[in-house]
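S.K.: Take a look at the letters that make up each chain.
Protein chains: 2
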Amino acid sequence: MSGSQTAPWDDAARQLRIDLVRATASSGSGHPTSGASAADLLAVLGASHFHLDIADPRHPGNDRFVLSKGHAASALYAWLKLLGAIDDEELLTYATPGSRLEGHPRPVLPWVDVATGSLGQGIAAGVGLALSLARLEHSPARVFVLCGDSEMAEGSVWEAFDHASHYGLGNLIALIDVNGLGQRGPTALGHETAAYARRAEAFGWQALEIDGHDHEQIDAALRLATATSDRPSVIVARTEKGHRLGSVAGLDGWHGRPLTDADEALEGLGSHPGLVLAPRPPFDVPQRRSERREIALPAYPVGGSVATRLAYGEALVAVGDARDDVVVLDAETGNSTHAELFAKAHPDRFFEMFIAEQQMLGAAVGLAARGWTPFTSTFAAFTTRAFDFVRMAAIGGTAVRLCGSHSGLSVGESGASGMALEDVACFRTIANSVVLQPCDGNQAAALVATAADLDQFVYLRTSRNPVPVIYQPAETFAVGGSRVLASAPDDVATVVASGIVVHAALEARGLLRDEGLSLRVVDAYSIKPIDAETLLKAADETDLVVTVEDHYAEGGLGSAVAEVLAEAGSGTRLVRHAVREIPTSGKVAVLYGAAGLDGKGIAAVVRTALRDRSPEPVGGPSPAG
Amino acid sequence: MSGSQTAPWDDAARQLRIDLVRATASSGSGHPTSGASAADLLAVLGASHFHLDIADPRHPGNDRFVLSKGHAASALYAWLKLLGAIDDEELLTYATPGSRLEGHPRPVLPWVDVATGSLGQGIAAGVGLALSLARLEHSPARVFVLCGDSEMAEGSVWEAFDHASHYGLGNLIALIDVNGLGQRGPTALGHETAAYARRAEAFGWQALEIDGHDHEQIDAALRLATATSDRPSVIVARTEKGHRLGSVAGLDGWHGRPLTDADEALEGLGSHPGLVLAPRPPFDVPQRRSERREIALPAYPVGGSVATRLAYGEALVAVGDARDDVVVLDAETGNSTHAELFAKAHPDRFFEMFIAEQQMLGAAVGLAARGWTPFTSTFAAFTTRAFDFVRMAAIGGTAVRLCGSHSGLSVGESGASGMALEDVACFRTIANSVVLQPCDGNQAAALVATAADLDQFVYLRTSRNPVPVIYQPAETFAVGGSRVLASAPDDVATVVASGIVVHAALEARGLLRDEGLSLRVVDAYSIKPIDAETLLKAADETDLVVTVEDHYAEGGLGSAVAEVLAEAGSGTRLVRHAVREIPTSGKVAVLYGAAGLDGKGIAAVVRTALRDRSPEPVGGPSPAG
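Order-wise, the sequence lines are chains W and R.
As numbered in the working numbering, residues 2 to 626 make up the first sequence, in order.
As numbered in the working numbering, residues 2 to 626 make up the second sequence, in order.
In short, the hints are calculated from the structure, not lab data.
The list cannot tell twin chains apart, which means a pair is met if one copy fits it or any two copies do.
Here are the computed lysine to any residue pairs in the SDA-like style, where the Cα-Cα straight-line distance is at most 20 Å:
#, residue 1, residue 2
1, Lys588, Thr97
2, Lys601, Ala487
3, Lys588, Leu92
4, Lys588, Thr94
5, Lys588, Ser100
6, Lys538, Gly481
7, Lys588, His256
8, Lys588, Arg258
9, Lys588, Leu93
10, Lys345, Gly254
11, Lys588, Pro98
12, Lys588, Glu91
13, Lys345, Gly186
14, Lys588, Gly257
Excised from the complex, chain W in its bound form (with noise of 0.2 Å):
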């Protein structure tokens, strides 16, 4: 399975060493001392272990390297050049625009499945490739994490030891590069390598202590690794930070910084060997087909009355029966998400992630490099949990989808810790991000069908308690779209609204009715991107835009709207109705009130601005258009 002595790792250390001086130096930036580090690991794993097809790189036999230590992203470009995927002009463009070879590694570059360089997603994205080569592609390849022992300290490593062990990922494979320095002075453990082997260990992995220098004692380790099946293995590899990079071999400060002196590194280092080693080949897997079958949506009739999130479970298994290709995880709530109606329906692609929704978001960053489509859930007020892994996500260009249920004020008495009224203003502002708000169970299930054809994060937010069904079974709803509820010429004012409060805006027009005042009612289930067009006309033709959300005033809806006004210099009035205080318990209907957001309320706002209008048109409160 190995390779022998006879094999090139002192030539090949040799030459990631220099690559990746050379690299840094290039650039003048960089970490060598942290790829110095790691160098040996990387020979033997890429000289004697690792399989891959460099002209396939998404081959399903092809074995995964990730490098959660991201920061040193030039000793896996190095690594890759040694393997032939990439050439030595490329290997110097390191970190310059235009170049593949970002300071940290992002999957522009085929052979990287994932962004790194956020400490402790690495691993937690490799558990989302193991599950899928074990559970999903039936492939015997593995998964290799190159792990830092500074990123020990972040949780989220645990989740993933813990979600290992629990799926049995004999095929995740961790090593720790133990060099004992992070970016300020010494670690925690320094070269404790037995305290990362004990909780290695009591988290049900295999450990394995080696020295990380010794090229016979990485083989025999990586060796046994490959060789284990029932659990993951780490490698705890003690190492010196910047070995054999001449004089701050070992020392403390040359954390992220180009060598001063690469010429004199160089010179330590020798001749470059100039190798190029062809990686084994890859397992014979065949490709996986995927299948895609007509998707037959829930469908709720007018009339009655549904809860989103009971919409988003239905749907799910509706598009699971449609696409095999569609994979559900889940933080311990699937029985309030409803993600578990998928679990029982497709029980082989749901994943439970427990409380742990850094993991869960990881694990499906891993599970779409691999080509799936990801769905994941929990309560909407603990998906910010994730919001960094999210951000990466967003930076690696990979398509995750994210459901919060019991959004808002709905979970009443359980209080404010499980309200979730910042999450539409975290995820709005992720790049090429897409947040989608249903108020009724026929625009959830088509969001649902929507999100999954996406190709970027999509953030979807459902509710708690059954509202009225307003849309036929068969609308769609664009992406960006937003529907105009009600309309007539004499409107005085827009109500623009999103999810469940979209009733009590209905409720509100109805009440404004009976004292002769007209409401535009706009249901903007896109809150990003939202529809510009749509406000814009109804703020040319009524006197005042109010916005409604059960969320906080800052980032969501409101501020959504706003933008849109302002750019377009609208003097139109805008009144961002929102919750403004933290809640404290009660029933959700008296919540609601409290905060104004149900009919009453929201038709109080609105009789309330009207008449404040002043003939002042800018400079303070005013109307306009």
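Take the given structure of chain W and dock chain R to it, following the hints.
M.R.: Same frame as chain W, now just chain R:
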């Protein structure tokens, strides 16, 4: 040290179960089965081990209790009634508006230190409380944290275990209520108490496995744990969910639901003992008196240059010199954020949190709950990792401060993973938050001093590279204020900027002046609250407002300004100039140039926007005002 066999443990436990059933039945909500599994632990703790002066909840000699499994709030309230802190009438107000007994605990109740309800956070706060007692208050009091078993899946829990042993917190005692059932079914580890114990031991804790319904075993474990001073202890208690609650005992499917037949459960529990047990008296510790002297902030000469992150570090030292209540935590980035200056000046009040942002915020919350004034810091890109901890701090009304350094594109070659382009949006949506971004050293220093005085969450955003000093050392900067840096009667447009791009805005002003276009420049250092008055005056007096931010376009400064203009019905057009694409790696100046965030780019945006003015006042791109 402990109660005897005559201690009324049985009666106390029975009373706790009766009262938690009554409280949840009265509210028709809550988690009685999650409380019942922990009732015996609480009974023995309260009857025989817990030191507390009910009348003086903040006494430094009081033990602290944190309900990390916040959903068992009814058990906590029953326990506080048992100890004489609240009466029966208040108990039955559980989860109703206006009650101090919220669905999940909040510090509106004076015996509650921190808000819980988002899992895995109570123990992180417990680390902060224990650090305060052991390291800062020199109190022998202990911190007891009751954890659920489901929440052990959260990585943040293991960050807490890691830090508690690193700091040798022998005064921290965790109790894990291993009832084996999460909200949607069995937990990953079920009743494998040995697995929890192994993990805790591997993280350096003493672990004691017991039957969590055997009062003698609980007492013995608490004796041993409280007698162990060299490391934290965890009592891993095997329990039954819904223990003794009639027919629901041990059943799945009863999470988060009040009993449908409370009477049956109450009948089975027997008569109410009507106990009130005086807790043990507080330890004899003197009250700390905080000292405050005048703050001698660093002073940077106008015309020189300094990085705002360095000013942060130097100002922290000054504030720490003047106020002995200021404590600082950093996530192993102190040499970059410059928090290490404080570490050197005040080593006893600095806590290295390694790369564990969640634990950093959790510890800060615990420290703040003991009256300290914590500042935390890391790279801005990684601040959002702790978003949910900030959310919970805000819900608890606990004042913590977070400084994100190296914001925006300024990390250059590192690439997108290290660039914070979402942080302002995230922290602006936090309830009652303040978001500040200084553009020079004196402003940064002044805002650090201001942040120390604020009683809410403050996010301070600093930058990597030196920038010109433009403000006098003596200047003060009010929260909610701004500075008009350039203004003339013939201004045609206003640029609103914040942080380092303020200097680019001033440069753009110079470029446009040469073309005969006069530009107003506003430094909006206070992003939340924002200075609406100055903005509306500018919108009134100029034809165009351009916001400039080193951040994505959604939710940040541009949105804040859009909200002001739209709410006022200003017809002046807004252009939100922000980062619109995921950046690549590259030299800092190249990246700012590519994003149009240098003087030339801003001038071009202003020029184009002025040229694009159309005559239509509403319904499309247009000027007004």
